[in-house]
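Model the full structure from these sequences, guided by the hints.
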Amino acid sequence: MKKNIFYMSSVIFFLIPVLLLILKSITAPWRSGNLPDWTLRGWETVFQDSRVIESMAITLGIALAVALINLIVGIPVAKALSHRSFKLKNTLEVLLLLPLFLPVIAAAMGLHITMIRLGLANTWIGVTIVHLVPTIPYTIKVLKAGYDRIPQDMLNQGRMLKAGVWHAFRTIELPLLIPSIRSAIFLAVTISAGQYVLTAIIGGGSVITMPIIYYPFLQSADDTVMSAFSVAFVLIPAAAVLIAEAAAMALAGRLFIKRRSIQ
Amino acid sequence: MTLPYLEVKNVSKQFDKAEIFKDLSFSLKKGEILSLAGPSGTGKSTLLRCLAGLDHFSNGEVLIEDTDLLAMQVKKRPVGMVFQQALLFPHLTLLENVAYGKKITHGKKEAYEMAHSYLKEVGLENHVKQYPHELSGGQQQRAALVRAMLLKPKLLLLDEPFSSLDPGLRKELREWVRSFLKKEEMTSIFVTHDKDEAMLLGDRTAVMAEGRLQQIGLPHELYHTPHNALVAELYSDVIVLDEARYCPAEKASWRAERKDGHEWFEAEWVNETYHFGRRLAHIRLISTGRRITIPAGESGKEASGYVTIPPEAIKYFKET
Numbered sequence: 001m002k003k004n005i006f007y008m009s010s011v012i013f014f015l016i017p018v019l020l021l022i023l024k025s026i027t028a029p030w031r032s033g034n035l036p037d038w039t040l041r042g043w044e045t046v047f048q049d050s051r052v053i054e055s056m057a058i059t060l061g062i063a064l065a066v067a068l069i070n071l072i073v074g075i076p077v078a079k080a081l082s083h084r085s086f087k088l089k090n091t092l093e094v095l096l097l098l099p100l101f102l103p104v105i106a107a108a109m110g111l112h113i114t115m116i117r118l119g120l121a122n123t124w125i126g127v128t129i130v131h132l133v134p135t136i137p138y139t140i141k142v143l144k145a146g147y148d149r150i151p152q153d154m155l156n157q158g159r160m161l162k163a164g165v166w167h168a169f170r171t172i173e174l175p176l177l178i179p180s181i182r183s184a185i186f187l188a189v190t191i192s193a194g195q196y197v198l199t200a201i202i203g204g205g206s207v208i209t210m211p212i213i214y215y216p217f218l219q220s221a222d223d224t225v226m227s228a229f230s231v232a233f234v235l236i237p238a239a240a241v242l243i244a245e246a247a248a249m250a251l252a253g254r255l256f257i258k259r260r261s262i263q
Numbered sequence: 001m002t003l004p005y006l007e008v009k010n011v012s013k014q015f016d017k018a019e020i021f022k023d024l025s026f027s028l029k030k031g032e033i034l035s036l037a038g039p040s041g042t043g044k045s046t047l048l049r050c051l052a053g054l055d056h057f058s059n060g061e062v063l064i065e066d067t068d069l070l071a072m073q074v075k076k077r078p079v080g081m082v083f084q085q086a087l088l089f090p091h092l093t094l095l096e097n098v099a100y101g102k103k104i105t106h107g108k109k110e111a112y113e114m115a116h117s118y119l120k121e122v123g124l125e126n127h128v129k130q131y132p133h134e135l136s137g138g139q140q141q142r143a144a145l146v147r148a149m150l151l152k153p154k155l156l157l158l159d160e161p162f163s164s165l166d167p168g169l170r171k172e173l174r175e176w177v178r179s180f181l182k183k184e185e186m187t188s189i190f191v192t193h194d195k196d197e198a199m200l201l202g203d204r205t206a207v208m209a210e211g212r213l214q215q216i217g218l219p220h221e222l223y224h225t226p227h228n229a230l231v232a233e234l235y236s237d238v239i240v241l242d243e244a245r246y247c248p249a250e251k252a253s254w255r256a257e258r259k260d261g262h263e264w265f266e267a268e269w270v271n272e273t274y275h276f277g278r279r280l281a282h283i284r285l286i287s288t289g290r291r292i293t294i295p296a297g298e299s300g301k302e303a304s305g306y307v308t309i310p311p312e313a314i315k316y317f318k319e320t
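Sequences listed follow chains A and B, in order. Here the first sequence is numbered in UniProt numbering, starting from 1 and rising by one per residue. Here the second sequence is numbered in UniProt numbering, starting from 1 and rising by one per residue.
A portion of the hints provided could be inaccurate.
Stated by the list, open to error - To give an idea of the chain A side of the interface with chain B (calculated C-beta under 7 Å), a few residues:
| no. | residue |
| --- | --- |
| 1 | D153 |
| 2 | M154 |
| 3 | N156 |
| 4 | Q157 |
| 5 | R159 |
| 6 | M160 |
| 7 | A163 |
| 8 | P175 |
Treat the hints as calculated values from the structure; they're not laboratory data. Quick reminder that beta carbons are idealized off the backbone N, C-alpha and C, glycines included.
Here you go:
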C-alpha cells in the first residue's frame, strides 16, 4: 500500500512533468486541435549559443568545487557537533544555520565589498566562495544526522583495534556516512547550480553560469526553446552526482561497491 | 614473590571538580580475571575507559609488566576492550570485522588466517561471509570478543558485555567466556552489576561503590566476611543491623511476636517465593523501608510481625 502510493506520486509529480518537458523540447508550441509538430529548433537554438556549453562547464566546475569544500568543512564540524560535548554547543549549531535566514541579497552585498578588496570579485573562485553561504548550513545539518546514527563507541572500538584517525575515517566513518554524503553533495550541487543573484553580483557578469544565461532566455517566451534549456540544465546536477560517486568509489574502494551491492 | 603483571596504583578521576573515584589500587597476576562489581554510576566504566586510553586518570600510575601504561598512546597500548554492545562494523562481513585490528598491525594475510582459525574455534566458521545484522545477539557478542582477542592484548577489558542479551543467552555465554579467557591466559577485568555473574566469571571480585574499592577478594570471602555495610548489601545475603554489625539472612526468622533476648525489627510481609525447595519471605522493614529476603520456615503470612535475630548469629564487620 505504502509502496503503491510512493510509485503513484512519483509518476504524477515527477515522471509525467519530466516527460512533458522533454516532449515539449522537441515539438513546436501546441495549438488546440492540431497534432504537435516535431522539431529540433529548441535544441538548435540552445546549443547555437556558444556560451551555453561553456557556461555548463563553468556551472559544473563551480558546483563540484562547492560540494567538495562543503564536505571538507562539513564533516569535521558535523562530527564535533554530534560526538562531542562542549559549552555553547547548541548556540553554535543555531549560529551555523543562521545564513539560511539571512536574505541572500544582504549577504551578497556585504560580501561583494570584501571580495573586491580581496580581488576575488568577478572570478570563479569568488563565486565558489559565495555559494558556500547558502549550502554549508544544509551540509552540516545532513552530515550531523549521519554522524548521529554512528554510535560513539563504534568509533572508540575502532581506536581500540589500533586504527589511526585517517584509517578509521576511511574504513568506518566514510562507508557509514555514504548515504548522508550523497545527500549533501546533491543538495550543494543543485543549490549552487541554481544561484542567480549571488553569481550575478559576485561574478559581475564575467562568470557566466547557466542561470545567468537562462533568465534572459525566459523573456523569449518560446516554450520549445525554454524546455530544451531546462532539460540541458538538469544534466548539470546529474553529471555532478555521477562524478562525485566515481570519486567516492575511488576513495573508499572496494568497501563502497560492496556496500551498494548488499543494499 | 612474583611481581604483579598489572599494577594499578592510587588512580583517581575527577570530572568538573566532581570526584568519580579516588585512590583505587589493585594488582593482577598474569591470566587472572577480576570481576568489578557495584551499582551503576560508580565509575566502573570510567575506570575501564581510562585504562583503555579513551579517557584519562586525573592522578595515579598503572604499570603493566613494569612499563608505564598511561604513557603509551591508545594505538600502542596493549589493551583490548569489549563494549556493552557488540559494535560490529555493519558494512563489513564477520570475517572482515574480526580481522579488522590484526589487519592494521600484521597485514591482511595473517589477519584473515588467524581470524578464520579463531572463528572456527568459537563455532562461527559457517558465518564468516555474513554481515552483522544477519547474526544473533550472542553470535555478535562472541565475534566482538574474538575481534578484541585477535590482537593478543596484555589486558582485556570487558564492560558489561552481556547486558544487552536475554537471560538465557547470558548464562550460556558466561561459561563460554570464562573458559575462553582461561584458555588464552588472558588477564582481564570484567565489569558487571550482577552478583552471580561476578562470582561465576572472576577469579577474584572487587566491589566498587561510592568512588572507592570497598573490598577485593575471593568470592567466598566477600560473601561470608564483607568488610562493611556497602559490600554486605551489594554482594552478600545478610541483614545489616548497623554500621558495625550484620547477620546472615538465613539465621533470621519471621515471627508474629518478639522473642526475648533476640534482636528484632518491626516488619511487613510483602510476598513469598520458592527457591531450591525453600520458602522465602520477602519482608519490608518498617523503620528503614528496606526490603530483605529471609527463610520463611513454617511461619504464617501475617501482614505484620517481627524479624528476629538470635544473638549468637550476629557478626561484626572487619573494617580495615
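Against the structure, the hints:
no.: 1; hint: D153; verdict: 5 Å, holds
no.: 2; hint: M154; verdict: 5 Å, holds
no.: 3; hint: N156; verdict: 5 Å, holds
no.: 4; hint: Q157; verdict: 5 Å, holds
no.: 5; hint: R159; verdict: 5 Å, holds
no.: 6; hint: M160; verdict: 5 Å, holds
no.: 7; hint: A163; verdict: 6 Å, holds
no.: 8; hint: P175; verdict: 4 Å, holds
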